[in-house]
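Note that the protein sequences, when read in sequence, are chains A and B. Per this note's numbering, the first sequence runs over residues 1 to 310. Per this note's numbering, the second sequence runs over residues 1 to 354.
Incorrect hints may appear among the rest.
Said to hold, decoys possible - Okay, the calculated beta carbon distance ranges per label pair:
#1 291/A with 346/B: 34 to 42 Å
#2 291/A with 347/B: 37 to 45 Å
#3 136/B with 186/A: 58 to 66 Å
#4 347/B with 191/A: 23 to 31 Å
#5 21/B with 186/A: 21 to 29 Å
#6 257/A with 174/B: 26 to 34 Å
#7 231/B with 153/A: 38 to 46 Å
#8 45/B with 114/A: 29 to 37 Å
#9 193/B with 258/A: 33 to 41 Å
Calculated from the structure, these hints are not laboratory results. Using N, Cα and C, we set each Cβ at its ideal position, and we do this for glycine too.
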Amino acid sequence: MDASLFTSMLFATVVAGTPLIIVALGLLVNEKAGVLNLGAEGMMAMGAVAAFAVTHHSGSPWLGVLAGILAGAAVSVLFGFLVLTLQANQVASGLALAIFGVGLSAFIGKPYESIALPAVPAIRIPFIADIPLIGEALYNQQALVYLSWALFWSVVWFLYRSRAGLVLRAVGESPASAHAIGHPVLRIRYLAVLFGGAMAGLGGAFLSVFYTPMWVEGMVAGRGWIALALVVFATWRPLRVMVGAYLFGGVMITQLFIQGSGLQIDFPSQFLSSLPYWATIVVLVAISRNANAIRLNSPISLGKPYRPDA
Amino acid sequence: MLRLEPRAQASRLMSYLSPLLAAVLTLVAGLAVFAALGKDPLEGLRLFLGYPLKDLYGISELLLKATPLMLCAIGLAVGFRANVWNIGAEGQFMLGAVGATGVALYFHESESALVLPLMVLAGATAGAAWAAIPALLKTRFNANEILVSLMLVYVAQLFVSWLVFGPWKDPEGFNFPQTAMFGNAALMPVLLEGTRLHFGLVLAIVALIAGHVFMNRSYTGFKMRVAGEAGEAARYAGFSARRMIWIGLLTGGAAAGLAGMSEVAGPMGQLTDKVSLGYGFAAIIVAFVGRLHPLGIALASLLMALLYIGGEQVQQYMNLPSSISLVFQGLLLFFLLGADVFIHYRLRFGRATA
Numbered sequence: 001m002d003a004s005l006f007t008s009m010l011f012a013t014v015v016a017g018t019p020l021i022i023v024a025l026g027l028l029v030n031e032k033a034g035v036l037n038l039g040a041e042g043m044m045a046m047g048a049v050a051a052f053a054v055t056h057h058s059g060s061p062w063l064g065v066l067a068g069i070l071a072g073a074a075v076s077v078l079f080g081f082l083v084l085t086l087q088a089n090q091v092a093s094g095l096a097l098a099i100f101g102v103g104l105s106a107f108i109g110k111p112y113e114s115i116a117l118p119a120v121p122a123i124r125i126p127f128i129a130d131i132p133l134i135g136e137a138l139y140n141q142q143a144l145v146y147l148s149w150a151l152f153w154s155v156v157w158f159l160y161r162s163r164a165g166l167v168l169r170a171v172g173e174s175p176a177s178a179h180a181i182g183h184p185v186l187r188i189r190y191l192a193v194l195f196g197g198a199m200a201g202l203g204g205a206f207l208s209v210f211y212t213p214m215w216v217e218g219m220v221a222g223r224g225w226i227a228l229a230l231v232v233f234a235t236w237r238p239l240r241v242m243v244g245a246y247l248f249g250g251v252m253i254t255q256l257f258i259q260g261s262g263l264q265i266d267f268p269s270q271f272l273s274s275l276p277y278w279a280t281i282v283v284l285v286a287i288s289r290n291a292n293a294i295r296l297n298s299p300i301s302l303g304k305p306y307r308p309d310a
Numbered sequence: 001m002l003r004l005e006p007r008a009q010a011s012r013l014m015s016y017l018s019p020l021l022a023a024v025l026t027l028v029a030g031l032a033v034f035a036a037l038g039k040d041p042l043e044g045l046r047l048f049l050g051y052p053l054k055d056l057y058g059i060s061e062l063l064l065k066a067t068p069l070m071l072c073a074i075g076l077a078v079g080f081r082a083n084v085w086n087i088g089a090e091g092q093f094m095l096g097a098v099g100a101t102g103v104a105l106y107f108h109e110s111e112s113a114l115v116l117p118l119m120v121l122a123g124a125t126a127g128a129a130w131a132a133i134p135a136l137l138k139t140r141f142n143a144n145e146i147l148v149s150l151m152l153v154y155v156a157q158l159f160v161s162w163l164v165f166g167p168w169k170d171p172e173g174f175n176f177p178q179t180a181m182f183g184n185a186a187l188m189p190v191l192l193e194g195t196r197l198h199f200g201l202v203l204a205i206v207a208l209i210a211g212h213v214f215m216n217r218s219y220t221g222f223k224m225r226v227a228g229e230a231g232e233a234a235r236y237a238g239f240s241a242r243r244m245i246w247i248g249l250l251t252g253g254a255a256a257g258l259a260g261m262s263e264v265a266g267p268m269g270q271l272t273d274k275v276s277l278g279y280g281f282a283a284i285i286v287a288f289v290g291r292l293h294p295l296g297i298a299l300a301s302l303l304m305a306l307l308y309i310g311g312e313q314v315q316q317y318m319n320l321p322s323s324i325s326l327v328f329q330g331l332l333l334f335f336l337l338g339a340d341v342f343i344h345y346r347l348r349f350g351r352a353t354a
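Between the sequences and the hints, there should be enough to build the whole structure, so can you do that?
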């Protein structure tokens, strides 16, 4: 493989992995607090459409990103109210959010279909972008790519180095004990849900404003579900979320490169396009078969409602 | 101040009333949405409810739309009762449609009365086979069935699209992504002259009855209920979790496959890349709103069919995207889950008394 092809594939892999990192880190914090939100697909779709609409009307991608974050957080409040205040089943509520978000985004986005946004220029970091092979791929990227790295470090620091992160993990492991020593379990879980929603919205905004600057119904294309699978794949550890996201990014990109390369291979494009989904299944199987790793690492009270009866 | 007070016992009455409450709340929210969009809410309501309930043809269209929903939902309910979360009915539906289409295209020239039963068989088998993947991966490798069955929805969609753009494309179809129209022997008989209502409805009703017998009258059905309501108890009693996962997923897959078959052999008469209008996902809502109960599912399917047809009407006459019906579907489930709080809690005024 020649050097420029390597650089452009690395570049594209990083771009494809970025929304997955952002969304999966948000979901990770959610799940560390004991809340399983299956609505990521819907929250991403809402973020994507809100970011697109606001960018289109205001001309500012940054206002769009803000709108995406707010839209994701706003619909996550619906979910939070159901599962935290009303103690509804988390699986069913998450599915409701996924269906609702996908539907509402399609509804809102109808007038915006077939409009293209101007591409947002990349930010080139001086000097290190000149490193051969990887410099152009890693350091001449969209601002949100750098943001995803900052987010990674923040989440690691927050979860494992800060007091608040310790409390959040305690709430995910044993809400009853956390409550007994005086921590506001529901409030902490609400904040975690809001954060997850905001990150899913940001991931969606990345798709519609930066990745492919347009809005098409169904453009999230299962990335919300893949992000959920990534958290399992990562056995709830941030570093593995990051690695996993780039692996998936690599799979998505490889199939695109093969499709675009004009290589005369006798393989239908639809089968290539289904590779990321098969890959998700394969890694889920590879990780899940080690039941111990899952049991030891998943937050013990994940998915279980808790209501302090004051 | 309002507050929630735990009930000593779950309320049976509320578990039946909360779907009704959810339907009413969805209606109110719908009126609010129309008003917010600057459309006349009553006109919107008239479009949603008026058309299907106007005459016999309207009612037949309602039953037609409810058919795939009933089929998918009753199959899912069997699994949901045992806490087996098959979320991929949408993909199993598409595979069922593919299986049935394969038979229809292979026997295109045939006039045999056996073509249709063979399509039923192929549809149910293909749907069940697609659901067997998450079942196998769950039982062998502990892989989460929610995520696996969902990923397979995307794979199924791409597979259908490959078929209708590729090997199965109708050479006389003006390049549309669709197969040739089925021959007469591969089409469901129409139940009511002058309407599109077809034999699929009979299949759905049979499935509902079979579901009822299985869930409420059979020992395996009883075991699955116990497993869903009290997993520990089921383990102590030695009920095989593996078996329930298999039964839950295969039943769901077969029923969804049947629904896919009844769509291609019914109103569509061919396979296209838009074979499912989200029936597999809507059926999840139907199963919940119907309380995982066959009669409830029948009623909830009609309600959901109303949302579909209403969405089409609103699109046509009010110039609103038909995705509005998806929004209402999501709202309906939200409201149901919210209203369910009253099963375990009662609403009280005033402060807590110690």
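Hints, verified against the model:
no.	hint	result
1	291/A with 346/B: 34 to 42 Å	holds (41 Å)
2	291/A with 347/B: 37 to 45 Å	holds (42 Å)
3	136/B with 186/A: 58 to 66 Å	violated (39 Å)
4	347/B with 191/A: 23 to 31 Å	holds (27 Å)
5	21/B with 186/A: 21 to 29 Å	holds (24 Å)
6	257/A with 174/B: 26 to 34 Å	holds (33 Å)
7	231/B with 153/A: 38 to 46 Å	holds (40 Å)
8	45/B with 114/A: 29 to 37 Å	holds (31 Å)
9	193/B with 258/A: 33 to 41 Å	violated (53 Å)
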